[in-house]
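Novice: Residue numbers (this note's numbering), protein chains in the order written: chain G, 306 to 428; chain Y, 38 to 177.
Treat the hints loosely; a few may be bogus.
With a straight-line Cα cutoff of 20 Å, these simulated SDA-like cross-link-like pairs (lysine to any residue) come out [said to hold, decoys possible]:
1) Y:Lys87 with G:Arg399
2) Y:Lys166 with Y:Thr127
3) Y:Lys65 with G:Ile402
4) Y:Lys87 with G:Ile397
5) Y:Lys137 with Y:Lys74
6) Y:Lys74 with G:Gln405
7) Y:Lys88 with G:Gln405
8) G:Lys417 with Y:Leu165
9) Y:Lys137 with Y:Glu106
10) Y:Lys166 with Y:Lys100
Keep in mind the hints are simulated off the structure, nothing from the lab.
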Amino acid sequence: MNSDLSYWEALAERYFLAETSEQEEAQLRKFLCSSYAQDSRFDEARATMSLLHVCRSKRRPAMWHPLRVVAVAACLCLAFFLGWHQYRQHNISRVRIAGQEVEADASLLMQKQMTEMFNSIDQ
Amino acid sequence: MKRLLLLIMILQGLCLVAHAQKGLAIEKAFDELAVEKNATEVVMGAGRLKKYNLSLFHSLEIKNPSEAEQQRVEALVQADAEQAILQEETAGHKLYELPKRGGMHFFIFYRCTSQSLILIYIEGKASLKQIESLFLKKQN
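This is chain Y alone, in the form it adopts within the complex (with noise of 0.2 Å):
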């Protein structure tokens, strides 16, 4: 029995290693937001960002955001970037990196236009540095 228990607690740790993404406020962004008509959701496994060396891509693009949209999400990431290590922000992006956490790096991306809104959070091994050389290599 308490092999049992042992197992379901190492399962359970799993499970909330896998959703280290709960307990911040972005994900009320991504829960009230991605139903919205103009909304796009893409949510990615350790399985799919293998080749990235990340384990969770979850992004949320809005097209022609309202003001309230702005201003809601907006206001979660803000609630975030309390607790971040590295803040890089601009008028038009801000890219916040959270604190680390077993060897896992936890980063928020926001970037707002006219045209687009773009959160993104991602956790993985890698570095800010390798995931900016490796999106910006894809480019070239």
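Isolated chain G (complex conformation) (with noise of 0.2 Å):
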């Protein structure tokens, strides 16, 4: 890293101007990270560019890291799954007879079965 503060601080004005390079705004930021900018000449450039480094992560954030997307997608699977099985058990309607499903209306048996039991309390 050239350690001559006057060309950094030439490198700055020219970034506020707007006539630096994208390589060489990367140059200066990671200059100005660096113990040699520690002169109070840099606080505006290094304050400017923490501003902007701050504003444009903000503005995009890192959506599809592989973790993220499968994290995303394992979230949306148990989504999924748990839904599905809420709507199964809310309609399920079975009949088991020795452990074996059977097709019967399970309406008509809850209805046996129950006036049955409100019988036996009622006498």
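Join the two chains into one complex using the hints; note that each chain is given alone, in its own frame.
Specialist: Now the structure itself:
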């Protein structure tokens, strides 16, 4: 890294005049993070670049990081499964005889059992 | 991500509601005895019980129950009866209302004769009187 502070000062000035290339901006950014740039002359450039970096990272979060994609996919799968399970439980109507599911009117059986039950209570 | 986690938590909560019977001793009776050759198990969810204002009906009927089966079910019913807020017991049947949660009533009905044993678990918004009038009316 160039240790000539006047070079960096000139680069910072050109940066504020929007005359720097992307490569130069990257160099300047790297310099501002180094110990050479502790001089107060670079405070303004450091503050501006920091602010821009924060704004840029807020505007464009790393949305599609592979782990994030996997996490979102897993969450969606889980949500779908739970939703499906809930729907199935909600609409369940099952009759099993000796542990084997059979085709039978569960509603009719329910009415029969409940009526029997309440009749015995009533007596 | 926070929103997704919240969604999952809500769905899990709903599933827990759907499985409110979990945690009761009689759950073992349904699990263990529903596979017996003389057993009939009926399960109905809220979607099928709208007209009764119920959200779950789960019954187990055992024809000609053995002494061991009777004792097993009776012991499990008794275990749940300890937390009942309403108990009605006669020689022929037992009826328990469990503590109300989230506006829902929970009932256990048990009837045992030498011909059949019936264990019923019900949950829903309907009160005992409403359920009673509904099913007694059906017979008339």
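Novice: Find the hints from earlier in the document that the structure breaks and name them by number, from lowest to highest.
Specialist: Numbers 5, 7, 9, 10 - these are the hints that the structure violates, sorted from lowest upward.
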